[in-house]
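> For the protein sequence lines, the chains are A and B, in the order given.
Note that the numbering used here has the first sequence beginning at 145, numbered continuously upward.
Note that the numbering used here has the second sequence beginning at 30, numbered continuously upward.
Hints are computed from structural coordinates only; laboratory data are not their basis.
Mixed in with the good hints there might be a few duds.
[To be verified] Each computed DSS-like pair below joins lysine-lysine, with the alpha-carbon atoms no more than 30 Å apart:
#	chain 1	residue 1	chain 2	residue 2
1	B	Lys135	A	Lys153
2	B	Lys100	B	Lys34
3	A	Lys201	B	Lys97
4	A	Lys201	B	Lys34
5	B	Lys83	A	Lys153
6	B	Lys97	B	Lys83
[Said to hold, decoys possible] Facing chain B, according to a computed beta carbon distance under 10 Å, are these residues of chain A, among others:
#	residue
7	Thr151
8	Tyr179
9	Gln188
10	Leu190
11	Lys201
12	Phe208
13	Phe213
14	Leu232
15	Ala236
16	Arg254
17	Val257
Note that the Cβ used here is the ideal one computed from N, Cα and C, for glycine as well.
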Amino acid sequence: DSGVTQTPKHLITATGQRVTLRCSPRSGDLSVYWYQQSLDQGLQFLIQYYNGEERAKGNILERFSAQQFPDLHSELNLSSLELGDSALYFCASNSGGGILGTQYFGPGTRLTVL
Amino acid sequence: DQQVKQNSPSLSVQEGRISILNCDYTNSMFDYFLWYKKYPAEGPTFLISISSIKDKNEDGRFTVFLNKSAKHLSLHIVPSQPGDSAVYFCAASERGGGADGLTFGKGTHLIIQP
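With the sequences and hints as input, model every part of the structure.
Here it is, written out as structure tokens:
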């Protein structure tokens, strides 16, 4: 158990809809990272938040957004969903802030868009 | 353009023998490398890492070797055990892994044969 929790575990929705994925980092971790794992692309970095502020952006679509709240949990919002958005979405955390260190991953949310 | 490549989608090794997983990268700005292990329906689990100032790091049965001039790293598992059967991901970071999203390879599925 990495200490990172993600809800829900599974999500099934229709094209055009909007969903919110939630992540709680390990206790004490200030940085949260979101990744998407699809069959053909592997694990792709989407976005990072550090202590409530956006720190780095990867291959995140404009239809996707994220935020980190004062209690350090984070939400990833996916809107105008398309079939190709079906994937596993992982959240990871670490102490962040430029300190050398690994990232600890949650169990993921499996999103299916029908 | 894939910056981290794992050219073997799968590898089969006999129990007790050495498993060698390979990874190549193209971005010379990467300075920190990590290996993650992933079981089905779970998030990636950190295994071992190496900074670009080193060429070897060892942790129990796991050793990672880094050849910067060849932009190549490898993970050695000795001896291989049935519980090592999983997908192994190579990952890299430009900023020490603590303040940036990781760039992942597509993974190698390691199968340990009894």
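> If a hint holds in the structure, say so; if it does not, say that too.
Hints, one by one, checked against the model:
{"no.": "1", "hint": "B:Lys135 with A:Lys153", "verdict": "holds, 23 Å"}
{"no.": "2", "hint": "B:Lys100 with B:Lys34", "verdict": "holds, 11 Å"}
{"no.": "3", "hint": "A:Lys201 with B:Lys97", "verdict": "holds, 26 Å"}
{"no.": "4", "hint": "A:Lys201 with B:Lys34", "verdict": "holds, 21 Å"}
{"no.": "5", "hint": "B:Lys83 with A:Lys153", "verdict": "violated, 39 Å"}
{"no.": "6", "hint": "B:Lys97 with B:Lys83", "verdict": "holds, 9 Å"}
{"no.": "7", "hint": "Thr151", "verdict": "violated, 13 Å"}
{"no.": "8", "hint": "Tyr179", "verdict": "holds, 8 Å"}
{"no.": "9", "hint": "Gln188", "verdict": "holds, 8 Å"}
{"no.": "10", "hint": "Leu190", "verdict": "holds, 8 Å"}
{"no.": "11", "hint": "Lys201", "verdict": "holds, 8 Å"}
{"no.": "12", "hint": "Phe208", "verdict": "violated, 14 Å"}
{"no.": "13", "hint": "Phe213", "verdict": "violated, 20 Å"}
{"no.": "14", "hint": "Leu232", "verdict": "holds, 9 Å"}
{"no.": "15", "hint": "Ala236", "verdict": "holds, 8 Å"}
{"no.": "16", "hint": "Arg254", "verdict": "holds, 9 Å"}
{"no.": "17", "hint": "Val257", "verdict": "violated, 20 Å"}
Taken one by one, the earlier hints fail for this structure at numbers 5, 7, 12, 13 and 17, listed in ascending order.
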